[in-house]
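Chemist: Take each chain as given, in its own frame, and dock them per the hints.
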Amino acid sequence: MKERLNPGAVADSPGSSKQNKTGSWRSFRPIVTDKCVGCGLCVQYCPEACIEIKDVKGKKTAVINYDFCKGCLICLGECPQKAIKSEREKK
Amino acid sequence: MRQTKKNVVEVSYAVAEAVKQCEPDVMAIYPITPQTHISEKLSQMAADGEVSAEKINVESEQSAISACIGAQAMGLRAYTATSSQGLALMHEILFIVSGMRLPIVMTVVNRSLSAPLSIWNDQQDSFSQRDTGWIQLYVENGQEAYDTQIQAFRIAQETNLPVMVCMDGFMLSHVYEPVEYLAQGHVNGFVPRYKPGYALNPDKPVTMGTLGTPHYYVQFRKQLQDALLASKKTIMDVNSGFRSSFGRGYGDGLIEEICMKATPPMKKGTSRKHALITIGSVTGTARDVACKEGLGIIRVRSLRPFPEEELRKACSGLDSVGVLEKDISLGANGSLFDEVKAALYSLRDGPVVSSFIAGIGGRDITMDDIRDVCTKIKAGREVREWVM
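Those protein sequence lines, which keep their order, are chains X and D.
Quick note, the first sequence lines up with residues 1 to 91 if you use the numbering used here.
Quick note, the second sequence lines up with residues 1 to 388 if you use the numbering used here.
Isolated chain D, as found in the complex (with noise of 0.2 Å):
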């Protein structure tokens, strides 16, 4: 079932395109750097009539996320995209999103955050999203943000959960690379039609988030939490739908082990010791480098929700693992290091967990930078850097 040609696009274009694809009724978005490019794209669209959607140009982005949660609450697919301070400002918006259960999809094109100013990418604005109750998407390439952007609203519909897909600033969004588009027939039939379980309409009137006193609260806060712990198998199945339908699939939807399994110069049959855990688009350049150091990689592609299993199981056996992020919760370590930390805690004999943030604030990480991780990865004490 593989189809249509190759494009060399710019990935916010492709993200656009996937975006138009899906079809939504309504987009409320306020331009911000780096994610400038898919609200012009999707602008344009608008205007060229490609597009039906109601595109509504919001005063701020906590506009941009109000007006998706109206829209999405009258039963309408509702998307929106930003960075930074944008998603910061949204910040309190997030939570009613989730505490609605309102499948809104948006994507973040992750950027730092000010003071001091800065439009270059880290993963810092999306990660301190991470507790908002949305599910978090992290994607490696170009192609991957096309394909996990549809699957975004997929999984989103399935699962009564808002979805983010973080790819990274600059980094993948301003760079042109091959991807390929599904026909649109294909993208109609992998995400259908939006049946609301709840929609606000004057012939049978309700009421959304209503006020939880405290007996009704906490259980409406468990509910949510099941469901975010539920939705990895709806990630799973369409991960895997996705791959059997179209060819292309992304490790198990949660995690994406690289190279795990022995390459020469190793023997045959002998399994990594050491592995690098990365997030988002760095993985491209470990995948050039760490393999031929001799260690395996472990993608994170789900941070929300947390691949606690999978990561133990993929780190079981290991002798030390380097967590390698774009992120730092600061007063305590980077976001990642200490939940992959936490989650390896109950193995037995379990690996030496190191961390390694890099990539702040846009710095590059070379090759030769991932070399050196490796190095002291493989020299199998625990550190804690700072790559810069």
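Isolated chain X, as found in the complex (with noise of 0.2 Å):
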């Protein structure tokens, strides 16, 4: 494929950023368990603002978009429940 370099490296497509899918990157992979209460703390910390709150079944509740996700797991730090745990990613 011929790529399309604008001079001056210019992103002249605005929200190109989400092609750019940095999932890839993690080692941890954040886990929202069922103790999680919807309050939407994580959502505020999340960096990357990958997180949101849905409802799930009748029950908010925080979900993580993977595809963004780095697994820097400041979620899990801040959650005031201790709803989210980690496992290391399997590659």
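I should point out that these hints are in silico values taken from the structure, not numbers from a laboratory.
A portion of the hints provided could be inaccurate.
The list that follows gives simulated cross-link-like pairs (lysine-lysine, DSSO-like), each with its CA atoms no further than 30 Å apart [claimed, not checked]:
id : chain 1 : residue 1 : chain 2 : residue 2
1  : X       : Lys21     : D       : Lys222
2  : D       : Lys204    : X       : Lys21
3  : D       : Lys273    : D       : Lys292
4  : D       : Lys6      : X       : Lys18
Modeler: See below:
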């Protein structure tokens, strides 16, 4: 494929960072457990903005988008309910 | 198409006039000796309403060049000027300007670098920035400083590359010389309005100089290198266009060959066997000495892009050349010497190349000094010397 290189390294299509899936960088995978009360604090702290509070089977809970989560585990540290655990990523 | 009168003017003021005539939108300049008179004059012009540009009084040279980036990225024409420590302070940002392909124009009034502290002229400051992806043009006299300043804006916007116009501090910046100004209409005709390829605009958002992962970074670097090499042609075309419009030109734009053809007392038809390679204002003194000593002069006007092929052509058939420069790449040699030598390496039976480091820290380069250098070049043995 011939790549288009705008002189000056100009990205002229906004939102293109979504194409760069950073999930592959992850060494540790945060996992939201049943203890989650959907308070949304992790949403505020997530530096990748990849956590959303969703309605799952009638219960509000944090849902992590693993396409972009880099596994920094800040959510795990900040969760007041200790509802997030982590596992080493299997590659 | 020659026009207007000759002015006897301080060269810094002539440069300020050229900048004014090119109608920049933003001038972000931090004053530093010996660039100060350019900065002062442009401030005066802005205060008097002679120039519509916004003059930003920044707190450092790093801020000056950064403000220029912002302005140029908005699609405006930006200008700055500096010297010595100021240029060194800009170093980090210079790569960003060229990497983002922003055609900012800067005048560098050449001054030595501390320590020991010196305000006097040599060319270590801009020579040490030659790897930053900027075009670097070195001028010989006041008229060329004025003309090149105007050419620089056009070269920059035609190539999307930033341009440094380098002129010797004090030796050139503070002397009075006769300089012929162009009429405003002619400058406007020669330097058309800047039309950016990309500009920051909320209606059509872009990111400039975005993250370059290893896969992309190398491609952008190659693209920049190709653009710099291709800019040779633009520099030559702008020089010849200027010559045909206004009757003044400087060699082929990249190098200038001076008395390389035989003149008396040499026999007609015989060609030079020796040449002095110079850069900047010292060429003026060399003109009065080298030709009489039987040497030709090759003046390098464009250090970046480096006129490799042009130098090879000019030096082919010579027995010996000597590079006279106000620069030292500490721990190696004079940079111009190293680069000339590398360029001539592939010549079959190329000339002996000698190095003369002179004028460091504002030392005078006298006619006697140059005569002595000429004698050593004619002897045909390679020497590496400091003239001091």
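Chemist: Look at each hint and say if it fits the structure.
Modeler: Status of each hint after checking the structure:
no. : hint                : in the structure
1   : X:Lys21 - D:Lys222  : holds (26 Å)
2   : D:Lys204 - X:Lys21  : holds (24 Å)
3   : D:Lys273 - D:Lys292 : holds (14 Å)
4   : D:Lys6 - X:Lys18    : violated (60 Å)
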